[in-house]
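Engineer: I would like the entire structure built from these sequences, with the hints used as guidance.
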Amino acid sequence: MALGLAALVPLASPAYAASCVAPWSASAVYTGGMTASYGGHNWSAKWWTQGETPSTGGSGVWADQGSCGGGGTPPPSGGGCDYPAWQAGHTYATGAIVRYTDGNLYIAEHDNPGYDPVISTWYWDPYSCSGGGGGTTPPPNPGGFVVSEAQFNQMFPSRNSFYTYAGLTAALSAYPGFATTGSDTVKKQEAAAFLANVSHETGGLVYIVEQNTANYPHYCDTSQPYGCPAGQSAYYGRGPIQLSWNFNYKAAGDSLGIDLLHNPNLVQTDAAVAWKTGLWYWNTQSGPGTMTPHNAMVNGAGFGETIRSINGSLECNGGNPAQVQSRINAYQSFTSILGVPAGSNLSC
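Counted from 1, the sequence shown has number 209 at position 209 by full-length UniProt numbering; the numbering is strictly sequential.
Simulated from the structure, these hints should not be mistaken for lab results.
You may find that some hints are simply not true.
Restraint ranges, calculated between C-beta atoms of paired labels, are given here [what the hints assert, rightly or not]:
id: 1; residue 1: Gly319; residue 2: Asn212; range: 12 to 22 angstroms
id: 2; residue 1: Gln87; residue 2: Val206; range: 43 to 53 angstroms
id: 3; residue 1: Asn320; residue 2: Ser19; range: 35 to 45 angstroms
id: 4; residue 1: Ala63; residue 2: Gly318; range: 51 to 61 angstroms
id: 5; residue 1: Ser313; residue 2: Ser344; range: 40 to 50 angstroms
id: 6; residue 1: Gln332; residue 2: Ala166; range: 41 to 51 angstroms
id: 7; residue 1: Met291; residue 2: Gln224; range: 21 to 31 angstroms
id: 8; residue 1: Gly300; residue 2: Ser336; range: 32 to 42 angstroms
id: 9; residue 1: Ser313; residue 2: Thr284; range: 28 to 38 angstroms
id: 10; residue 1: Ser19; residue 2: Pro157; range: 49 to 59 angstroms
id: 11; residue 1: Ala63; residue 2: Glu210; range: 29 to 39 angstroms
Since this is a predicted model, take the numbers as computed values, not measurements.
Glycine residues also receive a C-beta, built at the ideal position from the N, C-alpha and C atoms.
Structural biologist: Shown next as structure tokens:
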């Protein structure tokens with residue numbers, strides 16, 4: 001339910017008041033650069049937030065864009081949702097709206113030279129077009145997630161209550177291409193592959209943080225110019241793919257529009273943020289491999305290449321066959337639950 005206050009009609013100089021964008025909603029998720037109106041002002045989110053009333057106080061997540069009046073931004077000429085098709089290599093300015101090859105709309109949150117809208121939410125966010133214009137609230141995941149809540153619970157019968165299904169589905173909008181690319185079989189295989197690797201990394205979604213506390217001080221790379229502002233021991237493994245090192249927290253936070261360098265604890269206290277960091281690695285990082293795990297699954301390279309991208313330097317090429325087999329066993333179990341074949345090239 002939208003909780004934005006009705007904009008007051010200005011008593012003087014109405015021509016100079018900016019139009020109010022879509023009202024702020026307590027239930028909506030906002031990432032860096034997304035806008036909302038509240039209390040007769042437009043506001044811009046600096047990083048990920050949900051349920052924080054726009055103001056200049058609190059956590060400082062909201063930036064006041066000035067007073068506003070009237071309705072939201074009008075739709076494009078001709079009405080409706082007739083936006084141009086995205087073009088790779090075409091320069092887009094902040095605020096540009098395009099229709100991607102998946103049929104969905106995206107809005108540029110930062111100037112960019114034609115980056116792919118489904119790769120990073122730093123440059124693009126999903127855009128909801130209702131014909132009334134205004135706002136950048138992401139639409140729900142198109143068609144729903146290919147793993148139902150019942151199947152998720154079957155996969156993780158002993159999971160920690162922190163790792164909620166709702167947190168996972170809330171995180172999906174950050175990477176719209178995840179488990180929505182290719183045939184129904186490929187979509188389910190990718191979801192199974194991601195969750196199988198997550199299961200291996202967390203002991204079946206039991207562990208939220210790295211268990212060996214002696215390692216905690218080792219994850220501060222002091223050669224980075226931004227250092228370790230949250231403390232030398234603050235960047236230990238957290239979340240479904242055990243995000244670690246200050247440079248990974250910085251990179252993930254920049255991509256997601258969340259200040260994880262200064263607030264790494266968000267990965268162990270906010271389920272949606274935790275899942276987003278796992279999806280960030282899956283969709284954007286190659287690790288010791290040659291491709292992202294997402295590309296490995298949608299381009300037919302097979303589950304074994306996802307292992308290589310996540311921990312190949314220690315496990316693949318005979319490094320630790322027992323660990324590799326553990327991941328394969330989980331993947332085969334999860335594809336069975338989803339009713340699809342596991343495919344070829346399972347090992348690395």
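Engineer: Give a verdict on every hint.
Structural biologist: So, going through the hints one by one against the coordinates:
1. A hinted range of 12 to 22 angstroms holds for the C-beta pair Gly319 and Asn212, which are about 20 angstroms apart.
2. The supplied range of 43 to 53 angstroms is met by Gln87 and Val206, whose beta-carbon atoms lie about 45 angstroms from each other.
3. Evaluation of the 35 to 45 angstroms hint for Asn320 and Ser19 yields a failure: the beta carbon distance comes to about 58 angstroms.
4. Judged by the Cβ atoms, the range 51 to 61 angstroms given for Ala63 and Gly318 holds: they are separated by roughly 52 angstroms.
5. At about 23 angstroms, the CB distance of Ser313 to Ser344 disagrees with the hint of 40 to 50 angstroms.
6. Roughly 27 angstroms separates the CB atoms of Gln332 and Ala166, a value that falls outside the hinted 41 to 51 angstroms.
7. With their beta carbons about 26 angstroms apart, Met291 and Gln224 fall inside the hinted range of 21 to 31 angstroms.
8. Separation of Gly300 from Ser336 is about 20 angstroms and departs from the stated range, judged on CB atoms against 32 to 42 angstroms.
9. A hinted range of 28 to 38 angstroms is violated for the C-beta pair Ser313 and Thr284, which are about 19 angstroms apart.
10. Distance hint for Ser19 and Pro157: a CB-CB separation of about 51 angstroms, consistent with the stated range 49 to 59 angstroms.
11. For the hinted restraint 29 to 39 angstroms between Ala63 and Glu210, the CB-CB distance of approximately 34 angstroms keeps it satisfied.
Going down the numbered hints, you'll see the structure goes against 3, 5, 6, 8 and 9, while the others check out.
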